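2 protein chains.
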Amino acid sequence: MTDEPSSALLTDRYELTMLQGALRSGAAHRRAVFEMFARRLPENRGYGVVAGTGRFLDALERFRFDTGALDYLADSGGLDDATLSWLADYRFTGDVWGYGEGEAYFPGSPILVVEGTFAESVLLETVALSIYNHDSAIASAASRMTLAAGGRPIIEMGSRRTHEMSAVAAARAAYITGFASTSNLEAGRRYGVPTAGTSAHAFVLVHDSERAAFEAQLAALGAGTTLLVDTYDVDEAVRTAVELAGPELGGVRIDSGDLGDIAARVRRQLDGLGASAARIVVTGDLDEHAIQALAIAPVDGYGVGTALVTGSGAPTASLVYKLVARSGEDAGGPLLPVAKRSVGKPSRGGRKWGFRQLDAAGTAVAELVLERGDDPAPGERVRPLLRHLVAGGEVVGREPLDEARERHARSVAELPETARRMTRGEPVIPTRFGQPVQV
Amino acid sequence: MTDEPSSALLTDRYELTMLQGALRSGAAHRRAVFEMFARRLPENRGYGVVAGTGRFLDALERFRFDTGALDYLADSGGLDDATLSWLADYRFTGDVWGYGEGEAYFPGSPILVVEGTFAESVLLETVALSIYNHDSAIASAASRMTLAAGGRPIIEMGSRRTHEMSAVAAARAAYITGFASTSNLEAGRRYGVPTAGTSAHAFVLVHDSERAAFEAQLAALGAGTTLLVDTYDVDEAVRTAVELAGPELGGVRIDSGDLGDIAARVRRQLDGLGASAARIVVTGDLDEHAIQALAIAPVDGYGVGTALVTGSGAPTASLVYKLVARSGEDAGGPLLPVAKRSVGKPSRGGRKWGFRQLDAAGTAVAELVLERGDDPAPGERVRPLLRHLVAGGEVVGREPLDEARERHARSVAELPETARRMTRGEPVIPTRFGQPVQV
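These protein sequences, in sequence, are chains A and B.
Counting from 1, one number per residue, gives the positions in the first sequence under this note's numbering.
Counting from 1001, one number per residue, gives the positions in the second sequence under this note's numbering.
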């Protein structure tokens, strides 16, 4: 965080023009509740995964209009002195609740609830959505890959296929869902995600022969390294690898061709050469479907790039941030539910709480979205989903990344068996507004 | 740039382990040429647009391993003292050539050529690909939207649907292709992109009535502002808007429903109320196809969000960075072409130059990718595409963003008419390796 600049301009201009209008009318000081939710899941997805919580809390703490930001805003025109002066003093003083990071979510789940004055809360819309929409899209795709891999480790290696900072966040999101490691060094430094990687085809090509390249890599990284064996001829490369490294060879990587067939052939070859401990890692345009198809192949690990960082067909989670309740002129008065009536984009007014309802065996049966936060269904098994993240402007919900990783594992384990189907067409549990399911 | 940290860890671990191996074998010091290119364009695209050049040059200047980076690398294990010490002294001393930012590209176009030692050049792979893959994906989608809009202005407003820093880069890329403005304030501050935006549904909802909200907005922003008219009933909102603002009303925004039908109705209503100068802006899940379909509607401007920042179905440009030539042990000796033979991922060895061949009317007829940089076809009209970006480690190719914007306009104007088809299935000109087309 120390080397991060202010996050305040990672914001749409209309948040500030709305602020100016609301300062003029007085509505700026009304108490307001904003809710972040998804109207629907991406096609063919059974559940979504919340990610971005920790990054949002960091961004919230850095959401200050410093001199550079204020000078730009003053120069860019349209904002009056009252607005600029209000921005100069800005810090969020309200409360935020949210689903725990790594938690599964469903259509209508109130994954973030921001309560404060209208002015202080509306300003957070863009940066909150940017972070959650990106990170949740990645985590939602990554979670399916983890399931498809069935315990085999996956290396996240998509940095090169996405914006250089998205890459860091994508590595973090993938780790939450159970990926073993990432190629991205900044994700290692910033978030403690384990990093991995050994060599590319360029390393073989810059040497006079594949043998010379393997010798160099083994000398530099030891026999336990993973050698890339598909630059020229795979059979010959595997032979050379074992000849040079001996039975201690760590592993080989295959990046092209029919990965299942080649892995089977390479496994036989490695075993035949006495390198039965050598691991086979496959990479090359893998997604959750390709990973699942390789379940019967003798593969010890996967590397996933493009499909991970692009959300495997769903590059944004399509979360929205909507005003659902506000006070009247008396900011201490009751909160009134509000909702627009725009065609095709319905919103449900009123502040809400999320619970997961479980059956006696502990399997999720419904997402409850209720208008009260107290025990919603005496006698039923329900798990409250909102955590207090910010209290009176102070971040209280920060947690180590491993807690999100553990929460994700628990949350997905609790879902019905249909969550494991890669072709499932609809949410694996229904969202109920206002009442628990009869189990 | 001043508030940006080092870019050196926006890198895959394997670049550093390759460095360690190459320092061991001596190959680190061989002269090398890396080339960035796309094997193919995304489905249904007639051309791609290069973007990211300016950001890459910024990242190159910030590519230094500072103490924080070196400490992390030392702690994370696997790298020896020789490698860490080499990294501490790292700065790129080689040369870079690239297609001008905003230029159209085709399969095989050598859009970036990096020449230096193997070690100094291989390290740039990940960050170069991250920047170009993201920015070019956005620009390639944005360019089609600009064409579809046929001169009507487009506001980029997708920040909330992508990573918060991708949002800034996406606004920049969209501006290069002719977008009028962006909602993103940081893109305004950092790159001088004009910013736009007035209000959201929350602004209407926080007031006691739509009328009160409109009054507040007009008081704060003047009659020339754009009022959002679809929170409740569009007809009534338009009536209220003109009643309050008078014929000087700047415009109205419609964000839901059948945009073409509603725009036609609102246009008649505005004209009938005497507000014939009021502009109609439409937003809401627009992409290039929806924009084209609205060509006959009385629309004065578009706002595009999700489709822009997700590359409208192609969120990454799938550019690769490949070693294509290198010296032998004598770094001063000749450069030898190299290429892997992996199944399905062919590379073409050898250093290359890109030219656009034009016919007598100035229309592009072919992309020439040649092994020589001098005039490739005496008597034919050809335009060299590579600019010198970095000379001996010094950035020499930086340019104002408006130059890229102008280059894009010229480059697209030069393409065959088929480039304007939104459903075109293949590159609009062929790529020729080694010989010009006979015109």
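If you're looking for bench data, these hints aren't it; they were derived computationally from the structure.
Among the clues, some could well be false.
Stated by the list, open to error - The following residues of chain B were derived to be distant from chain A, with all beta-carbon distances above 10 angstroms:
(1) Ala1027
(2) Glu1115
(3) Arg1161
(4) Arg1189
(5) His1207
(6) Asp1208
(7) Ala1220
(8) Asp1235
(9) Ala1339
(10) Lys1340
(11) Arg1405
As the list claims (entries may be wrong) - Computed spacing ranges between beta-carbons, pair by pair:
(12) A:Gly222 - B:Glu1426: 29 to 35 angstroms
(13) A:Gly274 - B:Asp1285: 40 to 46 angstroms
(14) B:Ala1074 - A:Ala413: 21 to 27 angstroms
(15) B:Pro1005 - A:Leu244: 49 to 55 angstroms
Values in this document were obtained by computation on a predicted structure and should not be read as measured data.
Yeah, the Cβ is synthetic: ideal placement off N, Cα and C, and Gly gets one too.
Of all the hints given earlier, name the ones this structure violates by number, lowest first.
Of the numbered hints given earlier, those the structure breaks are 1, 3, 4, 5, 6, 7, 9, 10, 12, 13, 14, 15, listed in rising order.
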